[in-house]
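Protein chains in written order, with the working numbering: chain B, 1 to 490; chain P, 1 to 490.
In case anyone wonders, no lab produced these hints; they're calculated from the structure. One should not assume that every hint holds.
Any copy, or any two copies together, can satisfy a pair, since identical chains are not distinguished.
As the list claims (entries may be wrong) - Derived DSS-like pairs: lysine-lysine, alpha-carbon spacing no greater than 25 Å straight-line:
| no. | residue 1 | residue 2 |
| --- | --- | --- |
| 1 | Lys453 | Lys190 |
| 2 | Lys489 | Lys166 |
| 3 | Lys343 | Lys316 |
| 4 | Lys251 | Lys14 |
| 5 | Lys316 | Lys95 |
| 6 | Lys27 | Lys383 |
| 7 | Lys407 | Lys267 |
| 8 | Lys190 | Lys458 |
| 9 | Lys42 | Lys383 |
This is what each chain is made of:
Protein chains: 2
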Amino acid sequence: MKDNTIIDTFLHPKSVAVIGASKNPMKGGYRILNNLIANEFKGKIYPVNPNSSGEIFGLEFKKTIMDIEDDVDLAIFYVPNRIIPEILGDCVEKKVKGAIIEASGFEEIGVDGLELTNQIVKITDNFLKIRIVGPNCMGLTTIDGSSDSENKGGFFSSFLVFNEYKRGNIAIISQSGMLNGGYFTHLVQKYPGLGFRYSATIGNKMDISEIEFLEYFLKDETVNVIAIYLESFKNPRKFIELCREAKKYPKKTIILVKGGLTKQGQKATITHTAAISENKDLTEALIKQSGIIKANSFFELFEYARTFSMIYNSNKKLPENGRLSIIVGSGGAGTILADLTVKYGFELPVLSKKSYNILEEIFPIWMPPNNFALVDIWPAMEKAITTNSNPNDVMRSAFNAVLSEPKIEGLINFMFCSRQFRALSSVDVLIDTVKNYTKPVFFFLIGENKELKYITKKLSENNIPSFSNLESVVKNFRVLLDEAHNKSKN
Amino acid sequence: MKDNTIIDTFLHPKSVAVIGASKNPMKGGYRILNNLIANEFKGKIYPVNPNSSGEIFGLEFKKTIMDIEDDVDLAIFYVPNRIIPEILGDCVEKKVKGAIIEASGFEEIGVDGLELTNQIVKITDNFLKIRIVGPNCMGLTTIDGSSDSENKGGFFSSFLVFNEYKRGNIAIISQSGMLNGGYFTHLVQKYPGLGFRYSATIGNKMDISEIEFLEYFLKDETVNVIAIYLESFKNPRKFIELCREAKKYPKKTIILVKGGLTKQGQKATITHTAAISENKDLTEALIKQSGIIKANSFFELFEYARTFSMIYNSNKKLPENGRLSIIVGSGGAGTILADLTVKYGFELPVLSKKSYNILEEIFPIWMPPNNFALVDIWPAMEKAITTNSNPNDVMRSAFNAVLSEPKIEGLINFMFCSRQFRALSSVDVLIDTVKNYTKPVFFFLIGENKELKYITKKLSENNIPSFSNLESVVKNFRVLLDEAHNKSKN
Numbered sequence: 001m002k003d004n005t006i007i008d009t010f011l012h013p014k015s016v017a018v019i020g021a022s023k024n025p026m027k028g029g030y031r032i033l034n035n036l037i038a039n040e041f042k043g044k045i046y047p048v049n050p051n052s053s054g055e056i057f058g059l060e061f062k063k064t065i066m067d068i069e070d071d072v073d074l075a076i077f078y079v080p081n082r083i084i085p086e087i088l089g090d091c092v093e094k095k096v097k098g099a100i101i102e103a104s105g106f107e108e109i110g111v112d113g114l115e116l117t118n119q120i121v122k123i124t125d126n127f128l129k130i131r132i133v134g135p136n137c138m139g140l141t142t143i144d145g146s147s148d149s150e151n152k153g154g155f156f157s158s159f160l161v162f163n164e165y166k167r168g169n170i171a172i173i174s175q176s177g178m179l180n181g182g183y184f185t186h187l188v189q190k191y192p193g194l195g196f197r198y199s200a201t202i203g204n205k206m207d208i209s210e211i212e213f214l215e216y217f218l219k220d221e222t223v224n225v226i227a228i229y230l231e232s233f234k235n236p237r238k239f240i241e242l243c244r245e246a247k248k249y250p251k252k253t254i255i256l257v258k259g260g261l262t263k264q265g266q267k268a269t270i271t272h273t274a275a276i277s278e279n280k281d282l283t284e285a286l287i288k289q290s291g292i293i294k295a296n297s298f299f300e301l302f303e304y305a306r307t308f309s310m311i312y313n314s315n316k317k318l319p320e321n322g323r324l325s326i327i328v329g330s331g332g333a334g335t336i337l338a339d340l341t342v343k344y345g346f347e348l349p350v351l352s353k354k355s356y357n358i359l360e361e362i363f364p365i366w367m368p369p370n371n372f373a374l375v376d377i378w379p380a381m382e383k384a385i386t387t388n389s390n391p392n393d394v395m396r397s398a399f400n401a402v403l404s405e406p407k408i409e410g411l412i413n414f415m416f417c418s419r420q421f422r423a424l425s426s427v428d429v430l431i432d433t434v435k436n437y438t439k440p441v442f443f444f445l446i447g448e449n450k451e452l453k454y455i456t457k458k459l460s461e462n463n464i465p466s467f468s469n470l471e472s473v474v475k476n477f478r479v480l481l482d483e484a485h486n487k488s489k490n
Numbered sequence: 001m002k003d004n005t006i007i008d009t010f011l012h013p014k015s016v017a018v019i020g021a022s023k024n025p026m027k028g029g030y031r032i033l034n035n036l037i038a039n040e041f042k043g044k045i046y047p048v049n050p051n052s053s054g055e056i057f058g059l060e061f062k063k064t065i066m067d068i069e070d071d072v073d074l075a076i077f078y079v080p081n082r083i084i085p086e087i088l089g090d091c092v093e094k095k096v097k098g099a100i101i102e103a104s105g106f107e108e109i110g111v112d113g114l115e116l117t118n119q120i121v122k123i124t125d126n127f128l129k130i131r132i133v134g135p136n137c138m139g140l141t142t143i144d145g146s147s148d149s150e151n152k153g154g155f156f157s158s159f160l161v162f163n164e165y166k167r168g169n170i171a172i173i174s175q176s177g178m179l180n181g182g183y184f185t186h187l188v189q190k191y192p193g194l195g196f197r198y199s200a201t202i203g204n205k206m207d208i209s210e211i212e213f214l215e216y217f218l219k220d221e222t223v224n225v226i227a228i229y230l231e232s233f234k235n236p237r238k239f240i241e242l243c244r245e246a247k248k249y250p251k252k253t254i255i256l257v258k259g260g261l262t263k264q265g266q267k268a269t270i271t272h273t274a275a276i277s278e279n280k281d282l283t284e285a286l287i288k289q290s291g292i293i294k295a296n297s298f299f300e301l302f303e304y305a306r307t308f309s310m311i312y313n314s315n316k317k318l319p320e321n322g323r324l325s326i327i328v329g330s331g332g333a334g335t336i337l338a339d340l341t342v343k344y345g346f347e348l349p350v351l352s353k354k355s356y357n358i359l360e361e362i363f364p365i366w367m368p369p370n371n372f373a374l375v376d377i378w379p380a381m382e383k384a385i386t387t388n389s390n391p392n393d394v395m396r397s398a399f400n401a402v403l404s405e406p407k408i409e410g411l412i413n414f415m416f417c418s419r420q421f422r423a424l425s426s427v428d429v430l431i432d433t434v435k436n437y438t439k440p441v442f443f444f445l446i447g448e449n450k451e452l453k454y455i456t457k458k459l460s461e462n463n464i465p466s467f468s469n470l471e472s473v474v475k476n477f478r479v480l481l482d483e484a485h486n487k488s489k490n
């Protein structure tokens, strides 16, 4: 009975009961209901609360789950820990397939919590009679359509307000509820183009864990990037096995950030999700065996996820040999980038005669281009301005010179964002040029806030990653190279 | 004759000639003039151009510098490299004290450029007759008053538009012109509270180098933080000596990012500023001997500069033993932070009975606080909400509990920024609490864009650094600890 179709039920339920539904907007039970309604969940919804009567959002309150006449796929619990076992008993009797338990107060609080857990194990007959996600989580999200689209919809069970999202190719598995709550909001506003397909928070993972979701996301063709935050591994052997299986898929990348790598972090996980966390050495060995991408923080996790999401969306080829090119309008930025490419294992190769000639033509005689793949474009721009040529042609030529070079696998382009400079360097021209190649191109952007936002948006709509930190640009290129190596080891 | 008063003349000139002044807004010679006028430079300004006549901004064009009747402190050159030696000859005759040469095309372009340099050395009698900043730079900036204030003013010689800035305690020394141009604009818009006193770009440093500016900034009481980008050291021994002298000043910190650490980077510096760059090992040894803070990128350079700027502005005490506390509203963020504090050499100490008791009171009985300095505040907030207490009192108590603990030297506070949550957690209450302590407090902020900006602004106005990347928070705390150690070694 413990097969994978249960995850399909958890992520695409046809009918859900909200246990602890409330008319009080300050309560989580209100917000879960509101999230389902406002985001146009297409299944049936049953508000359940023995202390409420009448209707909410046009739906009639039920006293208990037993009062619902139809079948119920899922019960979402937003009630205090103490009363959960009894209601779960009702769910078992009603043959509800799954329960999402968001309350905390189980193993992580010690003996009293453990007693509650034991009651649940007994009532569910070791989770044979009903499957459980949680406790101590922020529920699950499935995004079928973007929040600003006509066909919005999906499944939304976070107890925080959830109203802004874009459908995309990223799936989250997390032992931190924040990734289906405040941090999710943060991400969608920080990276307006970034699209998600699922966010699954698993909390204490009393029953269902990262394993079942990972298995499901591997097979789900709408998912390219799986971003994971774990405090402990439920089944390390199986986790490694699944990660290795991911290499078979050309467009599937797994990124992991692991909490509790140090004694101090382990003390934190015990009171957070009751996780007995694997230390740094064990985790690094496991990551190496799994052949997945490691992130050091939530920031890196989602910066990398964004990069892979865009690379897959735009069908770019992962670099394999680490030969890069750089185009800059600042010698200082060029120098720092050149140093950073060495730090992260890249080479700026010597240019072929053909590429060099293209560049030579756009550069002034007194300041010829470098003979290797670092192009400081400023003298060429100045030449264009003083000779009344179109500076956009200069930029296009420079892009073509390096990107057409067979040995070069990608480009980092520095762009200064200034409203004044739009005529000098049009982002549209550059986007059009990038489209002619399967090589990844990253932008490093600095400049005026407003123009920076405008250019970031344009790039993001065309799946071109941009950054405002030189080290981030190079690091994000590095994970592409790592992933190519991971996949080739298969 | 080569004394330090010349730097005073370069940064606070009484009269300047703009060589290559132009009526054409597309030309740098126009923009330099415009920057001086628009930013209310209080000295005399003389536009010089043999091909122009009449007036600009109400100032009469002079054909040559010899036509100016009064004395001239500085000549700012925005003319092509080839004609510079001749005009410099005029300046020498006119007894101009200093010249800022912004044009490129000297040693960095090879033999032809070297010939120009030799001519200049001869004409200036080895810089005895006139001192030179540059060539190949973006000039100097002195900020006497913020751009939005009534008493704005200073000295502005960048050839890029310069119109937004705040006066503060940071001084820049840079071999990249960008730090007095596009990147400067980027910084002031990215960190609206960040204030600068000077930005000195030194380019190829044919004559004046980092040494003279460093010496000046050490003695200038308006400067607390000196942010430096170098591609080579003009005089390593003297540089180390000056950096060591900085330790004598309780409120003076030097941060360095060095370009050209690798072969690839060194190839870049040669065609940028003609610098023969010291490699990684030499540079690291020099930084160690100097006892200064090392940054890996422009991003880190200014993130650290901002941190020190705020710490000095608010008279906070640098941590010495690395005992920190953390308050989070997310167990996941708490776990990652706990790991990161170990990575960067911090300890989250066990709480005293007194501090623990304060926390115990605000926490629910079923979920007591940790006994060490990682406070997951959420259960306490929930208790406040369900018992109708003021959640702001909870936050204030938590801050006081950890900050009043003698062994704890600072606090990292996680804050979720949501318009809805203002009543739950008021940033004003937290700011007031922080003011009662000399211990540095950093905020980690995530949430809704708009609210995040609102809170960032409030914190920044009160000199409280905030970050949206957990690793950055801890890294920035680490440099405070490093600086305390640097200073104690004196």
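Outcome of the hint check:
1. Lys453 - Lys190: both (11 Å within a copy, 12 Å between copies)
2. Lys489 - Lys166: Answer is neither: 34 Å inside a copy and 54 Å across each miss the 25 Å cutoff.
3. Lys343 - Lys316: For Lys343 and Lys316, the Cα distance is within 25 Å only inside one copy (24 Å; across copies 35 Å).
4. Lys251 - Lys14: neither (29 Å within a copy, 64 Å between copies)
5. Lys316 - Lys95: neither (47 Å within a copy, 61 Å between copies)
6. Lys27 - Lys383: between (65 Å within a copy, 13 Å between copies)
7. Lys407 - Lys267: between (49 Å within a copy, 20 Å between copies)
8. Lys190 - Lys458: The answer is both: 15 Å in one copy and 20 Å across copies each meet 25 Å.
9. Lys42 - Lys383: Classified as neither; 60 Å inside a copy, 35 Å across copies.
Comparing the model with each earlier hint shows violations of hints 2, 4, 5, 9; every other hint is respected.
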